[in-house]
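Go ahead and model the full structure; you've got the sequences and the hints to work with.
Listed below are the residues making up each chain.
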Amino acid sequence: MDFILALEILGTFAFAVSGAFAAMERKLDPFGVIIISFVTAIGGGTIRDILIGDLPVSWLMNSTGISVIIVSALASLLFTPTLRKLSNLLLIFDAAGLGLFTLIGIEKGITHNFSPGICIALGTITGSFGGVLRDVLLTNVPMIFQKEIYASACILGGSVYFLMIYLSVDIAITQVVVIVLIVTIRLLAVRLKWSLPNSYRK
Amino acid sequence: MDFILALEILGTFAFAVSGAFAAMERKLDPFGVIIISFVTAIGGGTIRDILIGDLPVSWLMNSTGISVIIVSALASLLFTPTLRKLSNLLLIFDAAGLGLFTLIGIEKGITHNFSPGICIALGTITGSFGGVLRDVLLTNVPMIFQKEIYASACILGGSVYFLMIYLSVDIAITQVVVIVLIVTIRLLAVRLKWSLPNSYRK
Amino acid sequence: MDFILALEILGTFAFAVSGAFAAMERKLDPFGVIIISFVTAIGGGTIRDILIGDLPVSWLMNSTGISVIIVSALASLLFTPTLRKLSNLLLIFDAAGLGLFTLIGIEKGITHNFSPGICIALGTITGSFGGVLRDVLLTNVPMIFQKEIYASACILGGSVYFLMIYLSVDIAITQVVVIVLIVTIRLLAVRLKWSLPNSYRK
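Residue numbers (the working numbering), protein chains in the order written: chain A, 1 to 202; chain B, 1 to 202; chain C, 1 to 202.
Hints should not be assumed to be uniformly reliable.
A partial selection of chain C residues facing chain B, derived with a Cβ cut-off under 8 Å [what the hints assert, rightly or not]:
no.	residue
1	K27
2	L28
3	D29
4	G32
5	I50
6	S63
7	V136
Keep in mind the hints are simulated off the structure, nothing from the lab.
For every residue, glycine included, the Cβ atom is placed at its ideal position computed from N, Cα and C.
Here's what the structure looks like:
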C-alpha cells in the first residue's frame, strides 16, 4: 500500500509540475500557474468521476492530494531552474503517474461493472485527460492527440490487464505488469521519439 | 423503432466523420482522430446528461454507439478520398442526426419535467454541443457560434414541437414534423448559404 | 433578502453583458452572443454543482436567472453603444456579482460539510469560472489566469470569511464584510492596475 501511495504522490507531483511549467511558458501569473497545475493533476480523475456519476469528485474530500499539488506548484514557481535540470527524473515520475492513474481508472470501471472496453477508456481518461484540460485552458491543441505515444500506452496496458485477468493471472502480478508496461512504453516512446503517423490522403 | 435506430446510426456516423475530418485537417495522429470523432458524436448527449445528473452517461453502457463511432473514425482514416466525394450524403446524414438528437434531447427534458424553454435548450445542446467540444479541443472558435444556421434550426424545431403538443397534435406526427423541419432548415441553410448577421454597432 | 436578490440580478446582468461584449468582439453571430452570455453568467455555478454532484444544475429549474441572461444578451446586442458608455457601472455590477457569487459558493460548500479550503475553492470557482469558460469558448487564454486580481480577491475574501466565523462574528455581518471586501479589492485592482507578477526564472 505504501508503495502505491508513493507512486501516487510522485505521479501527482510530476503531473502538477508539468502543468506549472506549461503555464509559466504562457506567462500566466502565479495564481494561473497554481490552477493549471491543479487541473493537470486532478483533471483526468475528475472527468472520469463526472462521467460515472461518482460525485462529489474525490479531491473535494481528499486534502492529501490537494496539498501535494499546491506544494508542487509552489516548488515549480520557486525552484524552476533546479526542476528543469531534473527533467529526466520528472519524466520517470510522469510515466509512473500515467501507469498508476490508468490502473486506478480501469479498476474503478470494474467496480462499476462496466465492460472491458469502457474500463480501458476510463483508465485512459484518468491517465491522460488532465493533460488535455491543461492544453485546452492554455489554448494549445491537446498534445496527446498529435505528438506522442501517451494514450496509446494506456490503451495497450489496459488491454494487457484484461488479457491477464482472462488468463486468471494473480491480480497483484497483473497490476505490477500493467504499470511496468505502461511506464516502459512511455519512456521508450520519449527516448526513441516514437509517434503515430499523421499524414493522410486528401 | 427500426427507422429511429437507422437515423441514430446514420447521424452518429455523420457526426463522427465530421469530427474525424476536422481532426485530420489539424494533422492529429490516428488516436487523436478517433478521440475527436468520439467527442463530436457523443459530446452533446454527454453534456446534457451531466447537467441533468442522469449519470453514468449513457454511452458508458451502450456498446452499439461506441462501435458505430470507432467504425466511422476508422473509415474516415482509411477511405478519406471516398468519403470526401460523398460530402453531400454526409451533409444529409448530419442534418438527420441534428434533427433526431435534438428531438431526443427535448423528450429527455420532458421526462424530467423541465419547462419547454429548458427542454428546447437541452435539445439544442444534444444536437449541437458535440461540435462545440470538437472545435474547443481543436482550438477553433465553435463554428455554430459564428457561421451557420445550426443551433437556430434546433431552437425553431423545438418551438414547433411544443406548439404542436399544445395544439394536441399526435405525438408521432409531431416527432416526424420536427425532424423533417430541422433537416430542411439545415439543408436549405447550407444550400442557400444562410447565416445570421454578425456586425454590430460599436 | 430583496437586497441579495437585487445583487444577484445585477451581478448576473454584468456577467452576461461581459460575455456578450467578448463574443461580439470575436464577430460571433447573435445566437453565439447569447450562448456566450449564458455560459459566462451560469458557468461558475454549473461547474461547482457538477463537481459537488448537486444535479440537475440549478438553472435548469430557475427561469428568473435565464430570463435575466436573455434580456442582458439582447440588451447588449441592441444597445451596444449605450452599454459601452456605462462601462464604469458595469464594472461595479461585475464586482458585486463576483463578491456575491463567491459567497454563495462558499456557503454551498459549508452546507455540504467540505473543509474551509475546499469551500474557498468552490467560492472562487462559482465567482470566476464562468469567465474561464467564456475565454475557452472564444479560444482566449483565460483572463483570470494572467491579467488581473480577480480570483485572488475571491480567495482573500473567502479566507476572511472563515477567520470571522472562527472569531464567532455574526454571520450577517460576516457576509456583508466579505462581499464589500471582494468588491473593494476588485475595484481597486482595476483602478490601480494591480496585477500579479508573471515573469519567471528559466
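ask   = Which of the listed hints are broken here?
value = none
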